[in-house]
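Colleague: Heads up: the sequence lines are chains W and B, in that order.
In our numbering, each number is its position in the first sequence, counted from 1, plus 6.
In our numbering, each number is its position in the second sequence, counted from 1, plus 60.
Mixed in with the good hints there might be a few duds.
27 Å max Cα-Cα, derived DSSO-like pairs, lysine-lysine [unchecked claim]: (1) W:K129 with B:K394; (2) W:K62 with B:K168; (3) W:K62 with W:K176; (4) B:K394 with W:K475; (5) W:K473 with B:K364; (6) B:K394 with B:K168; (7) B:K396 with W:K62; (8) B:K364 with W:K62; (9) B:K394 with W:K407; (10) W:K407 with W:K282; (11) W:K129 with W:K407; (12) W:K282 with W:K176; (13) B:K396 with W:K129; (14) W:K475 with B:K168; (15) W:K299 with W:K282; (16) W:K62 with W:K473; (17) W:K62 with W:K407; (18) W:K472 with B:K396; (19) B:K168 with W:K227; (20) W:K227 with W:K472; (21) W:K472 with W:K176; (22) W:K407 with W:K227; (23) W:K472 with B:K364; (24) W:K176 with B:K364; (25) W:K473 with W:K227; (26) B:K168 with B:K396.
I should point out that these hints are in silico values taken from the structure, not numbers from a laboratory.
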Amino acid sequence: MDVVLLSRIQFAVSIGFHYIFPPLAIGLGVVLVWLEAGYLRTRDPIYETAARFWTKVFALNFAIGVATGIVMEFQFGTNWATYSRFVGDVFGSALAAEGIFAFFLESGFLAILVFGWDRVGPKMHFFATLMVSLGSIFSSVWIVVANSWQQTPAGHHVVPVLRNGVPLLKDGVPVLRAEIVDFWALVFNPSTVHRLVHVWIGAFLVGAFFVMSIAAWYLLKGRHREFARRSFDGGLALATVSALAMLVSGHRQADNVYRHQPAKLAAFEGHYRTGKATLNMFGVPDDATQTVKYGVGVPGGLGLLLHGDASAQVVGLDRFRPEDRPPVGISFQSYHVMVGLGFSFIGLTLFASFLRWRGTLYDTRWLLWLFVPAVLLPIVSNELGWVAAEVGRQPWIVHPKVTWTADGSDLVVGPAGHVVYDEREGLRTLDAASPNVTASQVLGSLIGFGLIYLALGAVWVFILDKKIKHGPDEEGPSAEGTGEGALEAAGLRAVHEGRLTGGDGTRG
Amino acid sequence: MSYEALCVTWFVLEGVLLTGYALLDGFDLGVGILHPFVPRTDLERRISMNSIGPLWDGNEVWLVTFGGALFAAFPEAYASVFSGFYTAFMLLLIALISRAVSMEFRSKMESAAWRRFWDWAFFGGSFTASLLFGVAVGNAMIGVALDDAGNFTGGVLNQLGPYPLLVGVMTVSLFAMHGGLFLYLKTDGEFQQRLREWMWRSWGLFMVTFMLTTIATVAFIPRATENFRRFPWAVVVVVGTVLAVANIPRCLYRDRPGLAFLSSGGVIAGLVALFGLALYPNLVTAAGDPLRSVTIFNAASSPKTLGIMLIIAAVGMPFVLTYSGVIYWTFRGKVKLGEHSY
Numbered sequence: 007m008d009v010v011l012l013s014r015i016q017f018a019v020s021i022g023f024h025y026i027f028p029p030l031a032i033g034l035g036v037v038l039v040w041l042e043a044g045y046l047r048t049r050d051p052i053y054e055t056a057a058r059f060w061t062k063v064f065a066l067n068f069a070i071g072v073a074t075g076i077v078m079e080f081q082f083g084t085n086w087a088t089y090s091r092f093v094g095d096v097f098g099s100a101l102a103a104e105g106i107f108a109f110f111l112e113s114g115f116l117a118i119l120v121f122g123w124d125r126v127g128p129k130m131h132f133f134a135t136l137m138v139s140l141g142s143i144f145s146s147v148w149i150v151v152a153n154s155w156q157q158t159p160a161g162h163h164v165v166p167v168l169r170n171g172v173p174l175l176k177d178g179v180p181v182l183r184a185e186i187v188d189f190w191a192l193v194f195n196p197s198t199v200h201r202l203v204h205v206w207i208g209a210f211l212v213g214a215f216f217v218m219s220i221a222a223w224y225l226l227k228g229r230h231r232e233f234a235r236r237s238f239d240g241g242l243a244l245a246t247v248s249a250l251a252m253l254v255s256g257h258r259q260a261d262n263v264y265r266h267q268p269a270k271l272a273a274f275e276g277h278y279r280t281g282k283a284t285l286n287m288f289g290v291p292d293d294a295t296q297t298v299k300y301g302v303g304v305p306g307g308l309g310l311l312l313h314g315d316a317s318a319q320v321v322g323l324d325r326f327r328p329e330d331r332p333p334v335g336i337s338f339q340s341y342h343v344m345v346g347l348g349f350s351f352i353g354l355t356l357f358a359s360f361l362r363w364r365g366t367l368y369d370t371r372w373l374l375w376l377f378v379p380a381v382l383l384p385i386v387s388n389e390l391g392w393v394a395a396e397v398g399r400q401p402w403i404v405h406p407k408v409t410w411t412a413d414g415s416d417l418v419v420g421p422a423g424h425v426v427y428d429e430r431e432g433l434r435t436l437d438a439a440s441p442n443v444t445a446s447q448v449l450g451s452l453i454g455f456g457l458i459y460l461a462l463g464a465v466w467v468f469i470l471d472k473k474i475k476h477g478p479d480e481e482g483p484s485a486e487g488t489g490e491g492a493l494e495a496a497g498l499r500a501v502h503e504g505r506l507t508g509g510d511g512t513r514g
Numbered sequence: 061m062s063y064e065a066l067c068v069t070w071f072v073l074e075g076v077l078l079t080g081y082a083l084l085d086g087f088d089l090g091v092g093i094l095h096p097f098v099p100r101t102d103l104e105r106r107i108s109m110n111s112i113g114p115l116w117d118g119n120e121v122w123l124v125t126f127g128g129a130l131f132a133a134f135p136e137a138y139a140s141v142f143s144g145f146y147t148a149f150m151l152l153l154i155a156l157i158s159r160a161v162s163m164e165f166r167s168k169m170e171s172a173a174w175r176r177f178w179d180w181a182f183f184g185g186s187f188t189a190s191l192l193f194g195v196a197v198g199n200a201m202i203g204v205a206l207d208d209a210g211n212f213t214g215g216v217l218n219q220l221g222p223y224p225l226l227v228g229v230m231t232v233s234l235f236a237m238h239g240g241l242f243l244y245l246k247t248d249g250e251f252q253q254r255l256r257e258w259m260w261r262s263w264g265l266f267m268v269t270f271m272l273t274t275i276a277t278v279a280f281i282p283r284a285t286e287n288f289r290r291f292p293w294a295v296v297v298v299v300g301t302v303l304a305v306a307n308i309p310r311c312l313y314r315d316r317p318g319l320a321f322l323s324s325g326g327v328i329a330g331l332v333a334l335f336g337l338a339l340y341p342n343l344v345t346a347a348g349d350p351l352r353s354v355t356i357f358n359a360a361s362s363p364k365t366l367g368i369m370l371i372i373a374a375v376g377m378p379f380v381l382t383y384s385g386v387i388y389w390t391f392r393g394k395v396k397l398g399e400h401s402y
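For reference, chain W alone in the conformation it holds in the complex (with noise of 0.2 Å):
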């Protein structure tokens, strides 16, 4: 096998891995701010205990999600070390960015959130939690802000690269490389914000799912009742609400995408041939035939929602030249999966919350069954939402620009109908890995990988579950109770404990 399918495999391998990580420590982030912020305010002791046992399950993903993480800043230098030189200049401001504004702030104040809970008082430990959740964001900005100038370069230009003052030569031609010309265009560039938001939310559906996963679980086995029952109206309420929004940022960055990357949103629809555009729910795409297969779909529905006329002409596949196409079936797939599993999440969010309205959720056992196993499909939606967006980049690994005619309708092409890249602008996957690493080598790390990431992978589920089944540790009378009661008796310890402590007035 070749070095650069490997590398791509590698990458693939261990970027799925890793991104199971960071949205749950994003998701439940948000969780443990909340959960510590209402018990400042309220001092109920049920937040503590939720938060504390929260943050046992956080400290555990946000271990492997730094074990993995490293792996990717490396990857980038060892595999792609042509892209590396590329985009170098550009990319490597935002990463260095991440480490000083991100990675210190989150590695740094986990130590007070997992280890200081005896250490410092509840209103540091609030502070050292949001810093952490913070951290966690910021990282999460400056690497989407790197991955989308990759897809939609802005704010520089390209330039040869001078070695002791004379240009490079790689066969007689120039080596190029990306400056940057503008830090604040290149850091808002057209999909930064789009994406970044996308991402987020992504972040809060794992999150959310995860703590309802949990919840449901201890409400069908009668454990923790009223522990779950907060933990699941509060993942109840973000996840609803996150799915909703969801939807308006799954449309717009669509829309986006047509704009910077139309080869990528045909390939996205199956869209082969220039015109009227169906909007297909299911459907396998087929290169040889240049249609979608067993395809159920709306006709004009894909200009309906991109121009607002059923009737427009959307471009398609047959504007680019095959060899700068991206593969349509994995991109089909993934992204229509990814969009599927976006319905379903209103769909099961907006029940359960109609069932909790009217009181009956609870009872409803059927559905508190689905929600124990739900949480692996926002997981599977966020790596399918990055398969699609790194696919569909393909054959790119740095997207140059196309160009549109004035009034917005079509391409502007070449004397063969086809998009003329300039190739000067971008970089293809199949240029940019390292010239000197050999097949076997990338493939014996990639098999190291493999090996190491399934042991971790059960490692981590075996674990979890062994936190899960032991439960959150309550004391006292709210343990096992129910309702309103429990909560007073909660309530009294509270402060009785308070009286007994006396002086130390932080907790309690």
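We have chain W already, so just place chain B on it with the hints.
Modeller: Just chain B now, kept in the frame of chain W:
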């Protein structure tokens, strides 16, 4: 600031980040290296891991930021080093993953076999990472085969010569000593007493490898000492490092472990500074053909990027140092195990 001054500034800042990493994660790795030998009971092994429990993660960020800053400031060097040392970096990643997850997983199960497995993963990860860091420094000192574009042309086995291995062993003993001193400050009783002999052993091994490395460097790597002619003040670093090495046994005799720990930190900082002085202005020295070397001037990003990053560093680093200080202060004193400990 001129472009040259920016390049030199970033070379120095990379040195600062590397020093921060070696100082801080150095003791984490050292605790891992001593882990199978010093603690005897399960409780002691937990104390050993928990001494660095809250700190290792933040300490590792110094390495991540060092890598990120190298990518941003000197992309040519980042690409050259990381692809050239592919296998070594993959081993390093696996070592760092083992180190991280072994702490997280070890005490989650009661089983003795489970705990033994993760104890060894903790040691293996820490030992391998320290050795690889040393081997990398050794290779950087002697230089590697590069083509015109700065790509490494040798094989994996070329990177395991006697000199790099010597520096690797020196690094392992240095971190073991540093970690031992750290652990001495975080423990008490019999466990602490047992550490004393290991501090002497690691100091002895470090002394021997340090002297051998110094002799080998002066004898076989003429480039390494050239800069002392350009920068005569650099002799101060040599003297300071030697004094710091000598101060460690002095402090141990006088029962001043805190000062001994600071001195071993001084040794680490001194050695990183000497490494930087030997290298300057190269980042990757081409063996045989100096014109092919990747230097801080031909590998740097544009002045604009270096300037922006300088602003980012100037804004961010004071915060990082402040809250890192607060966090270290929070976890001062002897290790106490609690509900959330490993």
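Colleague: Each hint needs a verdict: does it hold in this structure or not?
Modeller: Results of checking the hints against the structure:
1. W:K129 with B:K394: Holds, because 24 Å separates the two Cα atoms, which is no more than 27 Å.
2. W:K62 with B:K168: Cα-Cα ~11 Å, so holds.
3. W:K62 with W:K176: Distance ~53 Å between K62 of chain W and K176 of chain W Cα, so the pair is violated.
4. B:K394 with W:K475: Cα-Cα ~32 Å, so violated.
5. W:K473 with B:K364: violated, 50 Å
6. B:K394 with B:K168: Distance of about 23 Å is within 27 Å: holds.
7. B:K396 with W:K62: With Cα atoms ~18 Å apart, K396 of chain B and K62 of chain W stay inside 27 Å; holds.
8. B:K364 with W:K62: Outside the cut-off at roughly 43 Å; violated.
9. B:K394 with W:K407: violated, 59 Å
10. W:K407 with W:K282: holds, 24 Å
11. W:K129 with W:K407: With Cα atoms ~49 Å apart, K129 of chain W and K407 of chain W exceed 27 Å; violated.
12. W:K282 with W:K176: Roughly 45 Å between the alpha carbons, so the hint for K282 of chain W and K176 of chain W is violated.
13. B:K396 with W:K129: holds, 22 Å
14. W:K475 with B:K168: Given that 27 Å is the threshold and the Cα spacing comes to 13 Å, the pair holds.
15. W:K299 with W:K282: holds, 17 Å
16. W:K62 with W:K473: holds, 8 Å
17. W:K62 with W:K407: Violated, because 46 Å separates the two Cα atoms, which is more than 27 Å.
18. W:K472 with B:K396: holds, 24 Å
19. B:K168 with W:K227: Answer holds: K168 of chain B to K227 of chain W is near 23 Å, not above 27 Å.
20. W:K227 with W:K472: Holds, at roughly 15 Å.
21. W:K472 with W:K176: It is violated: about 56 Å lies between the C-alpha atoms, which goes past 27 Å.
22. W:K407 with W:K227: Violated. K407 of chain W to K227 of chain W sits at ~55 Å, over the 27 Å cutoff.
23. W:K472 with B:K364: The hint is violated at about 52 Å.
24. W:K176 with B:K364: holds, 26 Å
25. W:K473 with W:K227: Satisfied, since the Cα-Cα distance of roughly 15 Å is no more than 27 Å.
26. B:K168 with B:K396: With a Cα-Cα distance of about 18 Å, the restraint between K168 of chain B and K396 of chain B holds, given a limit of 27 Å.
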